[in-house]
Structures are given as structure tokens and as C-alpha cells.
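Colleague: The lines below spell out each chain.
Protein chains: 4
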Amino acid sequence: MYSFKNDYSEGAHPRILNSLLETNFEQIDGYGEDSYTLKAVEILKQRIGRNDIDIHLLAGGTQTNLIAISAFLRPHEAVIAANTGHILVHETGAIEATGHKIISIEVSDGKLNDSHIKTVLDSHTDEHMVKPKLVYISNPTEIGSIYHKDELEQISRFCKENDLFLFMDGARLGSALCSDENNLKLSDLGTLVDAFYIGGTKNGALLGEALVICVDPLKEDFRFHMKQKGALLAKGRLLGIQFLELFKDDLYFDLAKHANQMAGLLRDAIDKAGFRFLIDSPSNQLFPILPNRLITELQKDYSFYVWSKADDDNSAVRLVTSWATKEEAVLAFIEDMKKVLKI
Amino acid sequence: MYSFKNDYSEGAHPRILNSLLETNFEQIDGYGEDSYTLKAVEILKQRIGRNDIDIHLLAGGTQTNLIAISAFLRPHEAVIAANTGHILVHETGAIEATGHKIISIEVSDGKLNDSHIKTVLDSHTDEHMVKPKLVYISNPTEIGSIYHKDELEQISRFCKENDLFLFMDGARLGSALCSDENNLKLSDLGTLVDAFYIGGTKNGALLGEALVICVDPLKEDFRFHMKQKGALLAKGRLLGIQFLELFKDDLYFDLAKHANQMAGLLRDAIDKAGFRFLIDSPSNQLFPILPNRLITELQKDYSFYVWSKADDDNSAVRLVTSWATKEEAVLAFIEDMKKVLKI
Amino acid sequence: MYSFKNDYSEGAHPRILNSLLETNFEQIDGYGEDSYTLKAVEILKQRIGRNDIDIHLLAGGTQTNLIAISAFLRPHEAVIAANTGHILVHETGAIEATGHKIISIEVSDGKLNDSHIKTVLDSHTDEHMVKPKLVYISNPTEIGSIYHKDELEQISRFCKENDLFLFMDGARLGSALCSDENNLKLSDLGTLVDAFYIGGTKNGALLGEALVICVDPLKEDFRFHMKQKGALLAKGRLLGIQFLELFKDDLYFDLAKHANQMAGLLRDAIDKAGFRFLIDSPSNQLFPILPNRLITELQKDYSFYVWSKADDDNSAVRLVTSWATKEEAVLAFIEDMKKVLKI
Amino acid sequence: MYSFKNDYSEGAHPRILNSLLETNFEQIDGYGEDSYTLKAVEILKQRIGRNDIDIHLLAGGTQTNLIAISAFLRPHEAVIAANTGHILVHETGAIEATGHKIISIEVSDGKLNDSHIKTVLDSHTDEHMVKPKLVYISNPTEIGSIYHKDELEQISRFCKENDLFLFMDGARLGSALCSDENNLKLSDLGTLVDAFYIGGTKNGALLGEALVICVDPLKEDFRFHMKQKGALLAKGRLLGIQFLELFKDDLYFDLAKHANQMAGLLRDAIDKAGFRFLIDSPSNQLFPILPNRLITELQKDYSFYVWSKADDDNSAVRLVTSWATKEEAVLAFIEDMKKVLKI
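Protein chains in written order, with this note's numbering: chain A, 1 to 343; chain B, 1 to 343; chain C, 1 to 343; chain D, 1 to 343.
In isolation and in its complexed conformation, chain A is listed as follows (with noise of 0.2 Å):
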């Protein structure tokens, strides 16, 4: 049985656990004060080309976002998502416990643009309302689509122009910038985003992810909300070392891209086999619709979430590679395809 569920699947890169052993025995202070957090931030900021952002190590997706919104708002501030996006849905209400309400917006295809944010600024109009503050977005959507550069830069203006922050959740950040569709560099997010996660967790660490804070008014006191919020590890260096043997060379980008080479080899042959997919994502998570009784005949040998219904006789399900995923495993997973399909 072979997992196509997810991208945490399986534990870190082995040249992560290697640094941890090598480092393991050096006494270093703790709280994310050590020698190898303050060197993986030198160079993030230099791959982000920018000296004056915060950039601050957490362990995960949920725990990033709620305590960056939190900090980065008023009480009466309010958030403005896709009905699609992950702290919506999946987060357990984590935003909504630490004060903030989100306003959803409907979209197809898990990305947001400037009228969308508009029209929720037009609907509210005074104290009887919350006051929408923030845009959370995040690149790729939950449903694998990612955001060009001109539609990033159209959201930022519209962002700048109207007083509101833009938060971008980048968990699978990887993926986005290393598809074959991507026209966004990591630094132009320096400058277009106020504040945005690049994800270790779902791409190479065994846990972790860097929140750079661009602009000046949301950096003050961090660390305080980071610790009240239960986020700062004692052995801060367990982070530290893995950002930094991801990004010493172009370890993280290696990873990402090969997560994407995978879909792509499944891209294709599920396209070439004349299936449609839910959505056209062009990163590391596929939405193919397929006929039930392929989908049983799968399922045999490999594990994947059934994501929706089509019609009586199809579902679109979830198929997701990763930075571990064995180019083997795709191939049998293929073969095993088209044997059914008898083609």
C-alpha cells in the first residue's frame, strides 16, 4: 500500500536528521536564540533579498496563522478568506478562539482578487459590523491553484490603497514557486505581502515553518505572542537546523520541484487517459475525476482521499506527492491505471 493522502507522510529529509545528530551534543540557547536560528534567518532574508523584514521559526500551519493574525489585529478586526481556505474549515475555529471572525468569500477556484475584497468592504460601513482588516490567502489555495504575479500585485495595491494587511499562508509555499506555471519569485513576496509563512512540514522538515513579517507596524513584540501562545520551543534549534540545511543551498527548492515532477507524471497520464480534473492545479496536489470502479480497483494498493462526488458513476479524488514520493510509485501507479482502464 503506497500513500498518495498527503505531504507529511513520511519523516525529514535525511540531511535534516543528519544535522541534528551532528549538532546534537553543542550546549546553544534556547527559545529560538541559538547559533543555527539566527543563521537560517540571515539567509532567508537574503534568498527574500530584504534586510529589514522579522522572520520568526514556529512549528506549524494552525499555530503560524492564529498567532500571526492575533497579533496583527485589533479585537474588532476581522479577516477575509475564500470559503475554501484552510483556516476556515480546518483549524477548528482557531482564529474565531483567539477573538477575530472571518468573513468568508465564495470563489471557484480557491483565490481571491480585488472585487471579491471590495464587495466585503462595501457591506461594511460602520461599528454595527467588524472592521475587515486583513486578506488571508494562501499560494497554493487548498485546492492546488496558485496566484500569478499580476494577480498578487492586483490584490497588494488593492490591499495598500484600502488600509488592509495581506497575510499570505504559504504551507505548501514550495510547491507554488517551483511550478511550471509560477511567475512569483520568493522575493517579490517581500514586497507584496505583509506578512507570509514559508512551509517546512509539508516539504522536507519534520516540522516548521518561517514567518517573515514585512512591513514595520506588525513586527513589534512578536516573541511576546509567540510565547503566550504556547509557539516558543525551548530547543528552538530543532528549527533553526532544519531551515537552515533547507535553505544553506537550494535544498528546499530541489524538493519542491520534485514533489511537482511527481504530479506531473501523474498529470499527465491521468490527462492522457481523457479525465478531467475538479480544478486545473498546476502544484503538488491533483484533483482528478474518475470512475468509481477505477477508483475502487486504486484503492487496493494505494491510499488517497475520495474528495467529491461528480455523478453516480465518478468521484474526484485527492492525490498528493511530495518531496518523498518514489518516482516508482508513481510509474506503478500509473501501470496499474491504465491496466485497469485496459489501455
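I should point out that these hints are in silico values taken from the structure, not numbers from a laboratory. Any given hint might turn out to be false.
Identical chains share a label here; the pair holds if one copy fits it or two copies do between them.
[Stated by the list, open to error] In the EDC-like style, the derived pairs of lysine to aspartate or glutamate whose C-alpha atoms are separated by at most 16 Å in a straight line are: (1) K272 - D54; (2) K309 - D122; (3) K5 - E33; (4) K326 - D271; (5) K39 - D268; (6) K342 - D221; (7) K131 - E220.
Chain A is fixed; fit chains B, C and D onto it per the hints.
Modeller: For chains B, C and D alone, coordinates are given in the frame of chain A:
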């Protein structure tokens, strides 16, 4: 420069890192539903001697305290804690941030007793005040003292009689249970407190605390609270593998014993040199009162915290030993001390 | 200029002010423990026909909603509400500010039914999502529609079967219960919902809502929650005296009937003039769709809200009547409408 | 039985009730945007002598404290208060429920000074602790003492130098400002504190506190916070009319003077009878230490709180006078005291 600053200066016990390496490419479920976590929980239940308890693995002490306490209480209910309690001073208001007041009690040795708690109950009489509902203790306390069995039994009885929950912070529980003075067993905790945690971070793990919930009313839906506060790690295996390694044999206790033995060497030597201690601590934190000039000399080769001023010429310092403390470093420290003192 | 903008434009019914005057210099207990409040509660219990309910007097609707809901739920539990629900859009995120998500359901007539709720339950399956626990409805709804007995029985049954609390916002409950279409009695509410409130502010009181808690698990310590949220008035007599006056005879219902009769006059005249309504409302809020030029003319002498655009030439407006609406003002409005329409 | 238990035993000053009656049928805007509220705010600004301040009318003291403090602080910021502070003990954890820690300082006379505050700042040094940001004082304090101008200037200066907000709870501000010992003017508060409130509930109003925000950073969006916490009354006129009546001439101060004069009569008589006071209070709350047998006798005809035990034979009691206290009741109390004492 050798550090006696804390018990999280090094990485993890090598067996833990090895286990992470060996299991690295297994594809397993996320969010704490993997086989390693399940097995670790199983073994912990055996160790505690009860099957009807719930165990959850979390990343750190502040995280564990804030999730447990906010899950256990209704909005108007408050925590009773000693004025030295970690939640009161060193967690950036994490408990208050979840909406709950901490009622502080002035104590000299870090420990609560039933008459302390009674005083609080007697002065909280109606709905214009919070309702005291949970007693927070830590073992060892913030200042190294430990609870003896009769002391814990007394508090436990009082809490049951007064419908209070009793919660024990066990960030350094290993050191308490392995102390020479200790007469509590891990299995006693399963009946004497309503919930407690077994600290991993400060006893050989990279990160991790095992929260044990002993009574039914506190168990319900606990994983919702974990997820909502950002504490459900995608790669939950990271916690499961560590606790499995620590408890599949006696590694956890062996590591704590080592820390205590190293503290013992220091305690005996300091005592023999004629110095007193701020508080009598039988665990891995010592608070000797030393001449300032001795402190200055020792700081050239050893790092540790100066805790408080005793008088113009003397200060209390904090020396912490751990699973990783090297005996030769301890002996060197003792020799250096003698050298300065010319004894 | 006469106002049909809302039902809180005037002060209080004169009997209420007289009662405040007559009792003014009596020295009585504060914080809702005075004899007037106790008597008002007693009478309300008789009206509802149950002695085993708890009743608390609060100052306003948002205050009542936020205290009740946050007292009833645990941190991870969520509210289900229609997309038109007052708590969802017009209370500045008051519920979210207490930490709870509101799950919104798109409805056309402001009313929820069991299949709406079932859809939510079916899509909330594990701890990565909030746990739906309380169903919020209002009667009348934000847009004037009311629940019939069989509809409420259906929801009530579904909630009981699925372990959900059912809470009814009754800011305008008088108007619902006195509507010609209504077949619910005040006493039905005591068995069909778990908690509800009887709105005073919009039916003749200066301020005040009577929250009725019908089931034991929701009653405990409720006054703590009131105090904690700043809702325990020192001079609780102000609320007690008003509810006593409203309910010691049929004043409350007489006032609501008057409001409905005034709405009836408007409804009939508008209907006869050939205009449709955005929604069929049998209560004291009407949403007729009128030609823009008629609206412009009427606005010269009457104030009311333009609710939404219907098409280029017509808009829906909101006309609200109240206990204080003068029949001559209503008749004048109708005459002025006819004059503009030349009918 | 005559009550000296508190200053909210009666309703409102008759002029207030008359004004409510006279304006009752005017149709006016809701939510504090009516002409009476606007005029009351205008007059209050003149009284304080500044036009660049914001004033909001709220329903009660706990409500005002919790909304102001939670609006003024970011999540990790804390309040400094005297251990006798109302927010610390008598508001059911209202401040903590909004997520903020209160750092308590032990004082003997209810008053803070700059060295108290400095101690707190010195011990809060990094992100493992909350960040002290707001100093809460009340004038008079919970135990009747008042701040003199030089004391307040000293605190004010210290707060400005240390980037702390200074907030004054003025639930009984009238009594402080009209005390014989007082040398502060209402206009001084506009420059010495960042925000304060003028208590109406305890000085002749049915309910109501006027929150004054003196500095720009605290003003923004304040009405959002009021609405979110359920404090924006639909019939805001109720508050506006009362404050207009209290401040359109000197009624507010006349009422406070009366309360103080009645306290003065009691103070002199008790003093002359040879009894001491727990604390020297120049305002409308007295804490004389009386023989228990005298207390028992007086309790037959007068109600008041026994505050604390002094020794086996004597106790401190609390006697409160108000705008409504009758001189004949005070004189009768004094006569009855003398009768028991046979003097």
C-alpha cells in the same frame, strides 16, 4: 565554557535520534494517529497502571498548560497557584490570554497545601468574584522542591472534597520521581491528581510533553482543543517515537537519575565548602548562596544564572544539571570552586 | 418628519416611567436581587408555565446573545445560524470575540429547518473542524418572518436527537407571538427551546431583555457570566420594575399587538396599491418594493431605511412600526403614498 | 431599617426622571447618536476644558473597565493595579476574560505611586513575561482614599516617561473631586491621565458612566469595541439625558457634596466618640472600627457591611453615604450610637 544554565541546552538522547532515522521513510498517519504514538500511549498507560486514562502528546510546557487549563475550565472559573508558579510569571500571560484568572498564593518553598487553598475558597464567595476551580502545582516546583506523598494526598483529598480539579505541571517530573527524597510513584499520580504531564523536553527529548488526563469529565473532545490551539503536529510521529523510546524501557528514569546524581555531586561539594542554599532542593536545580567574588571567578568558565541578591557580598545562583551533563564538567566545576576558595 | 426607521425611536411606555418614579426612593438591594426583579421573574415563570426555569434580566440584545452563547459553549463548540442572523452581521463579531465560530447557512426567508442543520453536522466530522453545538434562531427573524409551531417542533426534535442546544433570539418576540399568523404560545417556548429571551427594548421598555434558561445544564453559575461581561447592573431595579410593569397584566402583548396592527394597516395599503414585498412578513417589519420616485417623495416627510435595490427603478424599503407608532402617522403615510401614486 | 450599605440603593435624582418623562415621545436616533447624548458630551468637554477628547457613555463600571482596557491593550500587554483594585477582586475576572493579566501590587492605602510601578517594570524584562502597559488606579480608591494633585502628577510623569497608559476608574469620582482634602480639578484629569471615567450610577443616575479618552492612540474605533461587548444601548438617550441633566448645571457636584457632607457628619461624630478608622477616608465611604456590641445594636435599625475583624471585641464596618442619604437618618444614627455608648 560549560553551561549549567538549564536542562535544554543539548539536543536529544542519541537513541531518540537513531529511532527517528530508522523510521524515517515509513509512510504513516499524521496528527498523532500513527502507530508509534499509539504504542507510546499504550506503554505510558501501563507505567501509570491504568487503562481508563487519556494521554496526549504535546510540544511544550506552556502549550500544555494553556490547552489543558482552558479546556478544563468554564469562562468564569479560575486557577489557584503558588506565587512562584511557572504559569504565573514565565508564560507571558498564556493562561489569562485564554480568559482565566490565576489566583496567586504567597509561599516560601514553592509548594501549596490545603490551608492555602482553603484561604482562597473562603474569600471567593459570590458571583462578583471568579470561581476557584483548578489547583495548579508543579513537581518539582519552580525552585526545585518536591511534593511528598502525604502532602500530595492531603491536597488531593481537599480538592476532591471541594470539587476542585488538581493539575500537576511535570515539566521536570522525572527529576522529582527519581529524587532520593521522593516517595511518590508514577502510578500514584494516576489516582491523586486529575491531570498531569510528563515532561520530555527537559529530560532527553527534542521536544514533547505527555499530558495524562485521569478523570472522565476532563477527557471529552480534548483533541479539538489541541487542534484549535495549533498543537496537533502534522508529523505527530515526532512525539510518538520519542516517548516510545523514552518509556519502552527505563531510559526516561535513567536520564533523570543521571541529572539528579550530577546535582548531588554539586550539592555535596557546595555544602562541604560551607555554603547554604536558598531553598533545600532534592532535584536537578540547585540554588546555592555564594560569595560574589567566587561567582565572578566561576563565570569565566561556566555559565549559569545569578538568581537573587542575598546581601552585599553574596548572591544565590541557579545551577541546573540534566541528562546530558558530563560528570567531568561537574568535577571540574567543583575543583575550580575549591581552587578559588583555596580549600 | 415621522420615523418608521425602527422600534426604539421613543423612550418607554408611560406606565414604566411612572413606576420608576413611584418606587424611586425605596432603598433596595442591587445587582438584580431586589424585590421588583424577583417578582418580575416570578410572574414570567407563571406566564411561561414552568417553575423550573431560570430567568435573568439583561440590558440589550447583543449583550444577551454574547453572554448566553459564551456561557453555554465550550471553547471548541460553534453556533449554527442563518446567514441573515443578527449575531452574524450586526453585532461586530461579538460571538467570535468570545472565541466561538458561527457557521452560516444560506437561507432565503431567514428561517432554519432541520435539513439545514443536518448539512452542517454532516460536514463537521472530526477535530480539525469546530463542533457544532448550538442552533441560533430568531423569532421573528431579522427580516420579519416567524416560526410556526410545527416548524419549531421539527427543529427542536432534531436538536434534541443530535445533542444540540436550541437558542431563540427574541428581541422582537412580542411581535412574533402577537402576529395573526402565529400559533406558538409563550409556554411552548419553555419546552421547545433550551433558552430564549423576551425582548423589552423594542417593545416598550427603556432597555431590557429577559433571558429564560429552560434546561438544567445551561443554568449553572449564570450570574458569574453576567458579572464577568459587565452586565450585572448595580441598580438592577431598573430592569425588574420594567418587566414587572410589562407582565403584571397584558401590557407587553398589548404593545406588540398595537405594533402589528400598525404594520397591518401599512401592509394592506401597500398591497392594495399593487406593490409586492421582498419577503412575506407578518410581524412589525415590512419590506415593500416601491418605485424609487415614490420613495423619494415619501422621504420628504417620513424616515425609513432603503433596504436593497430591486431593479433600476425600484427598491425594497424597510418600514418598522412599534408600540409607540401613532395611527394618524400611519394613515398620513398611506394618504401621502396614494397622493403620489394618484390613486 | 435605614441602609448605609452602598450608594446605589435608591433610583435616580428626580430631575433625571423628570427629564426622561419630558422627552419620552420624541423620536430620536439610537445607539448614542441622539441629540441629548451629543449635547451631554459637548458639555462634558467644556467642563474638562478640552475639545480634543472623546467621550462615550456606558452602562456600568465593570463594563467600562473591561471595554476600555481590552480596547487599549494588545494581547500580550498587562495592567498594573493595587491589590485592592476593583478589577482585581470584584469583577469576576472580567479583565482576564478579555485576555489580559493584571499584575497586583500590595499597598496599604489603596494608592499606587511611581516606585510601585517601577518595581513591576524592573521585574518584567523579556518576552517570557507579559509586558506591563497600563496603570489602573481609582479615585477614590476602593477604600475611600483619594489622590492628591502632586501624587497624580508623579504617576502621570512616570507613566509618560515609561510609555505606559494611565487609566483612572472614577466610579465615585464625584466624591473624590468634592472632598475637602481634594486639590484636583476635573480639568486636571484631561491632561494627567490617558483615560478616565466619570461615574454616574453611584452619584444620582439610574445607570451610566462617562468614559473620557484623552489621547489619540486610544480613541480609534472605540465604538466598535462598545458594540462588540454589548454596550451600545439601542436607546442611548437613556444615558445622554442623564448626563445632560447632571452636568448642564452643577447637579453632579451638588449631589457628591451632599454625600460627602453626610459622611462628614458621621466621621465627626464617630471621631468625637473616640473611635479610630481603618483608613483615613475623606470621601463618601467610612471604615470606623467599632465595638462589636455597638455594631450589634446599630444593626437593629441600620444596615451596613462589617468589613473586617480588628480584634476579638472590635470590627471595622463600612458606612456609605450618597446623594440620597437623608440628614435625619444620619443624625438618628449618631443619636442611636450615643445612646448605646451612653454619651
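Colleague: Could you tell me which of the hints above the structure violates, numbers in ascending order?
Modeller: 1, 4, 5 and 6
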